[in-house]
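Now for the letters of each chain:
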Amino acid sequence: MTETLTNPVLTLLRLIPGVETLSDGMQVLLSGFLAGVILFAFIAVFALYAVYLERKVAGHVQDRLGPMEVGWHGLLQTIADAIKLLNKEDFAPKDVDTKLFTLAPFLVFMTALSVFVVFPYDSQVSIANLNIGIFYVIAISSIAVPAVIMAGWSSNNKWSLFGAMRSAAQIVSYEIPVGLSIICVIMVVGHMGMQEIVEFQGGGFWKWVIFRSFPFNFIAFFIFFLGSLAEVNRTPFDLPEAESELVAGFMTEYSGMRWAFFFLAEYGNMLAVGLVGAALFLGGWQPPFEFLSFVPGWLWFILKALVLIFVQIWLRWTLPRLRVDQLMYVCWKVLVPFAFVCIIGVGLWEVLT
Amino acid sequence: MGKDFVFLLFVAMTIGGAAIVAFAKRIIYNAFALMLSLFGLAGLYVFLSADFIAAVQVVVYVGGIMVLMLFGVLLTTKLTDVKLTTLKNQRIWAGITLGFFMIVLGAVIQRAPWIVTHEELVHDPQSATIGELLMTKYLLPFEIASVLLLAALIGALFIVRSEHK
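Keeping their order, the protein sequence lines are chains A and B. Counting from 1, one number per residue, gives the positions in the first sequence under the working numbering. Counting from 1, one number per residue, gives the positions in the second sequence under the working numbering.
Next comes chain A alone, as it looks inside the complex (with noise of 0.2 Å):
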């Protein structure tokens, strides 16, 4: 199988005039180049538009407009925002500690980038089909946690700090549902790797992981959304960003283009979040209906994630905020109990059939 897998980096390495004559080295180092780059302009490009959708679902669902002056409908507001921020002074407080405060967005950021490596794009286009897929994904994202922390500590402000531990904590904890809904997947499929997964689930909706050994799969994956929703930081669960209480968490003393990478990070996981969902639950770049076959399959993967992206700014904008204790609840006494009975149940399931 893998054999025939294109790699899409690989691709295009090849078309640089020249290259065969490298070095080894050489190859490997513009390869990793390539990959960032093309990742990088994915999320970016990603991001301004989802900055944008984001604002004008925030406006219409409060009844407003949202950005309407720059371009048709503001569709060139983010752009005039991003070149805004560019343009920023790279400012830093007195008295924060200078090496770890410039190196934490970039962990942050360095981490929401690498798990886009693993996703399988359309049949047979993935960066890298890791054989531990999925796992790779939650290991990566839980580095995110000490960034985070990095970022709290080193700005020497207390909301920063509260920022930090709220966010260190709530991730810690949502990892366990996550991980535990993922499982109840990986026990359906047998197997780790993302291609191997979305492959799995081929001939229409009702083959979805989703609708597998029906309900537990469906509770799964409605476990696995509200912990995603936390591990992104997104409302109902954005305390460790919560103006009103924390000024911005633990982005207080960032501003300009180091600022943006935390930005950019936000709106990264989401779409990975997004991507993890569609790839696990719903298919991947699987049609619904196997006549609808001739629509390319990764716009199947970006339109299912993007379903879920549009649910998560809708939540973000229709729900208040949970306090701490709720938080910490409904992580240990709500999703993590479902979690195992999910487990148990889809063991069953898998074993009588």
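It should be emphasised that the hints constitute simulated quantities derived from the structure, not laboratory data. From the three backbone atoms N, C-alpha and C, an ideal C-beta is built for every residue, glycine too. The reader is advised that the hints may include incorrect statements.
EDC-like, lysine to aspartate or glutamate: derived pairs with alpha carbons at most 20 Å apart [said to hold, decoys possible]: (1) A:K56 to A:E266; (2) A:K207 to A:D122; (3) A:K158 to A:D81; (4) B:K25 to A:D122; (5) B:K25 to A:D97; (6) A:K207 to A:E350.
These stretches of chain B come out as covered by chain A in the derived footprint (C-beta under 8 Å, 3 or more residues) [stated by the list, open to error]: (7) 30 to 41; (8) 57 to 69.
Take the given structure of chain A and dock chain B to it, following the hints.
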């Protein structure tokens, strides 16, 4: 050569991180350097084609244990230049332990049947093999470890509970 370069990068991360842990004066740098070192170690596992172990290393150490340590360090303010000595003549004891450890390590390095070529490595999916072994040959140790963790969990909950009389 390309692989060598990446390999050396991970080696540098592991050793450099460990060196910072040993020599940095500010305790939070030590904590983050330890994270770097553990992450480098995960990279080295990948070179041993143990991808599952590498991911577990990142999840458990970087995402779990490091966060616990950071929480401890987090609430201390700029803790610098503290003499962290807990024993009398700590350096002497440390030197003796180090010497002993070096002898053991040297003996192990001498005697171990090292796999030197890339072809000898097993490239099968590690997770399936590990899972199978845990459920058959090593079931008892696996269960003992689970019970131990459960006991630790209950113990932690008991200590944290405020209303124990």
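Now the hints, each set against the structure:
For the given pair, A:K56 sits about 18 Å from A:E266 by alpha-carbon distance, which is consistent with the 20 Å threshold. Between A:K207 and A:D122 the alpha-carbon distance is near 18 Å, which keeps this suggested pair within the 20 Å criterion. Distance restraint check for A:K158 and A:D81: the Cα-Cα separation of roughly 29 Å exceeds the 20 Å cut-off, and the hinted pair is therefore not satisfied. Our distance criterion of 20 Å between C-alpha atoms is broken by B:K25 and A:D122, whose separation comes to about 50 Å.
Using a Cα cut-off of 20 Å, the hinted pair B:K25 and A:D97 holds, with the two alpha carbons roughly 14 Å apart. Between A:K207 and A:E350, the direct Cα distance comes to roughly 15 Å. Compliance with the 20 Å bound is thereby established for this hinted pair. A stretch counts as covered by a chain when three or more of its residues have a beta carbon under 8 Å from one of that chain; for the region 30 to 41 of chain B and chain A the count is 3, and the coverage holds. Counting residues of the region 57 to 69 of chain B whose beta-carbon sits less than 8 Å from any beta-carbon of chain A gives 7, enough to reach three: the coverage restraint holds.
Taken one by one, the earlier hints fail for this structure at numbers 3, 4, listed in ascending order.
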